[in-house]
Amino acid sequence: MLSWRILVLFVHVTAVIVALGGSLFATFALAPILAVELDAPGRVKVNRRVIQRLGVIVLSALGVLVFTGILNVLFTRIFSALLAVKLVLVAIVIVLATYQYANIGARIWRLSADGPRAELAPLQIHFRRIGLTVGTLVLLIVYLSLGLTRSGAGNTDGRVPVAARQRHMGPQSQPLIAYARPFLAKRYGQQR
Amino acid sequence: MGNNDDRQIVGSDDARRTAAPDEVRAIAASHALRFLSLLTFLVLVVGLTALLTYSLTASELLRSDSPAFAAWWEAHQFYFMEGGATAFGLLLGIRVAGSFVAGPGRRSWAGLAALMLAIITFAPLLHVCAAAARLGWNARGASFASWIISREGYDLGRRIDKVIIAGVYFLKTVGFALLAGLGLMAIACVAAVALESSNTETGKT
Chain Y
1093 MLSWRILVLF VHVTAVIVAL GGSLFATFAL APILAVELDA PGRVKVNRRV IQRLGVIVLS
1153 ALGVLVFTGI LNVLFTRIFS ALLAVKLVLV AIVIVLATYQ YANIGARIWR LSADGPRAEL
1213 APLQIHFRRI GLTVGTLVLL IVYLSLGLTR SGAGNTDGRV PVAARQRHMG PQSQPLIAYA
1273 RPFLAKRYGQ QR
Chain L
740 MGNNDDRQIV GSDDARRTAA PDEVRAIAAS HALRFLSLLT FLVLVVGLTA LLTYSLTASE
800 LLRSDSPAFA AWWEAHQFYF MEGGATAFGL LLGIRVAGSF VAGPGRRSWA GLAALMLAII
860 TFAPLLHVCA AAARLGWNAR GASFASWIIS REGYDLGRRI DKVIIAGVYF LKTVGFALLA
920 GLGLMAIACV AAVALESSNT ETGKT
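If you read the protein sequences in the order shown, they are chains Y and L.
For the first sequence, this note's numbering assigns the number 1093 to the initial residue and increments by one for each residue that follows.
For the second sequence, this note's numbering assigns the number 740 to the initial residue and increments by one for each residue that follows.
Think of the hints as simulated: they come from the structure by calculation, not from any bench.
It is possible that part of the hints are untrue.
To be verified - Sample of chain Y residues facing chain L (criterion: CB under 10 Å; computed from the structure): (1) Gly1147; (2) Gly1155; (3) Phe1159; (4) Gly1161; (5) Val1177; (6) Val1180; (7) Val1187; (8) Gln1192; (9) Gly1197; (10) Ala1198.
To be verified - Chain L is nowhere near these chain Y residues, computed Cβ spacing over 10 Å in every case: (11) Val1128; (12) Asp1131; (13) Leu1166; (14) Ala1210; (15) Leu1240.
The C-beta atom is built at its ideal place from N, Cα and C for all residues, glycine as well.
Isolated chain Y (complex conformation):
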């Protein structure tokens, strides 16, 4: 059961979980708790360590995602418009994440070395906004990936994938046949 394709897909999905899960945890669980439980110097101290650690984890996961993603494309053997949209979104996500951690995160890291400062607040808001944008885009990419899987792009066992079949027969042909089947069965019996 274990094949290169399954292994690459497993690493790809794990990288998505790590990247998205880490960001969501930091934004929706850790940040509100830190705001309530710690005073300003302690919060800044913990926050800068979290940003640095999370940057390493998220950017590594995105690097892994790209390489396993390209290998996945090779395994699925189909290049569609949906895949092209997904790849463009992936490129935008990587650029945004790099900007988030290597630019804003680095500035927060440098500024917060001496404790809380006034310039930190807008940077942190900007950091969080970009994080939320990245998270939304990653969710959209996951949704598009489900569409790719559902359309039969992962079918490599020699049969014609559903997407290619639909393209050949027209997009509406399969559902229409499915709707007409009971009517045909009633009218002509088992013959079609």
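Since the structure of chain Y is provided, determine the placement of chain L on it from the hints.
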């Protein structure tokens, strides 16, 4: 740098220790960026030349003057096209992601680290990106080819069609390599961020 700054650096050991590396880092960053842009231009020229000679079978022109070189170029021009496209995509990805990194020092450090990673992974990435670019989109290419042939005549139409096929292949290879370059830059940024934070911690202790 002004005279006052010079005096400060000369006058104080601490200032010399802190200011000199910054200046060195800025010069190194500008050199690295210039080198990277020159390299990008070079691989683009190589890739486009190979693309045109491959699609227009230009090596035929050299056959009478230098048959050995023409034969060698004909055997290798496709690899030059693939290599040029992959290298261009990788460098473009590194430069695009690098422009979002804060600070010239970190930018040059991460850029050079990504460049080293790109050189190490270039050979496998060349095959992977080229194989991914070979995946067909749909069957409209054939109808497009017959449309061009019906419009421009067989000889010219076939030639234009071959240039377009090779051009699309080149662009798709560049696209996949661009993604790989962005990924390499992300990994290089990880190294830069980790190194900077460990340096800061060491400095503190």
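To see whether the hints hold, each was checked on the structure:
Nearest Cβ of chain L to the Cβ of Y/Gly1147: about 5 Å, under the 10 Å cut. The hint holds. Taking 10 Å as the C-beta contact cut-off toward chain L, the hint placing Y/Gly1155 at the interface holds, the least distance being around 4 Å. Given the 10 Å rule on beta carbons, the hint for Y/Phe1159 holds: about 6 Å separates it from the nearest Cβ of chain L. The closest approach between the C-beta of Y/Gly1161 and any C-beta of chain L is roughly 7 Å, which is under the 10 Å cut-off, so the hint is satisfied.
Because the smallest distance between the Cβ of Y/Val1177 and any Cβ of chain L comes to about 12 Å, over 10 Å, the interface hint for this residue is violated. Among the interface hints, the one on Y/Val1180 holds; its C-beta lies about 9 Å from the nearest C-beta in chain L, closer than the 10 Å criterion. Proximity of Y/Val1187 to chain L holds as hinted, the smallest CB-CB distance being about 6 Å (cut-off 10 Å). Satisfaction of the interface hint for Y/Gln1192 is found here, the shortest Cβ-Cβ separation to chain L being roughly 9 Å, below the 10 Å cut-off.
Contact between Y/Gly1197 and chain L, as hinted, is supported at the beta carbon level, the nearest pair being about 7 Å apart and thus within 10 Å. About 5 Å separates the beta-carbon of Y/Ala1198 from the nearest beta-carbon of chain L, less than 10 Å, and the hint is met. Annotated as non-interface, Y/Val1128 keeps its C-beta farther than 10 Å from every C-beta of chain L; the closest such distance is 26 Å. For Y/Asp1131, the condition that its CB be more than 10 Å from all CB atoms of chain L holds, with the nearest at approximately 21 Å.
Its closest Cβ contact with chain L, about 6 Å, brings Y/Leu1166 to no more than 10 Å, contrary to its assignment away from the interface. Every Cβ of chain L is farther than 10 Å from the Cβ of Y/Ala1210; the closest lies at roughly 19 Å, confirming the non-interface assignment. Distance check on Y/Leu1240: its Cβ is at least 13 Å (rounded) from any Cβ of chain L, clearing the 10 Å threshold; non-interface status holds.
Checked against the numbered hints listed earlier, the structure breaks hints 5 and 13; every other hint is satisfied.
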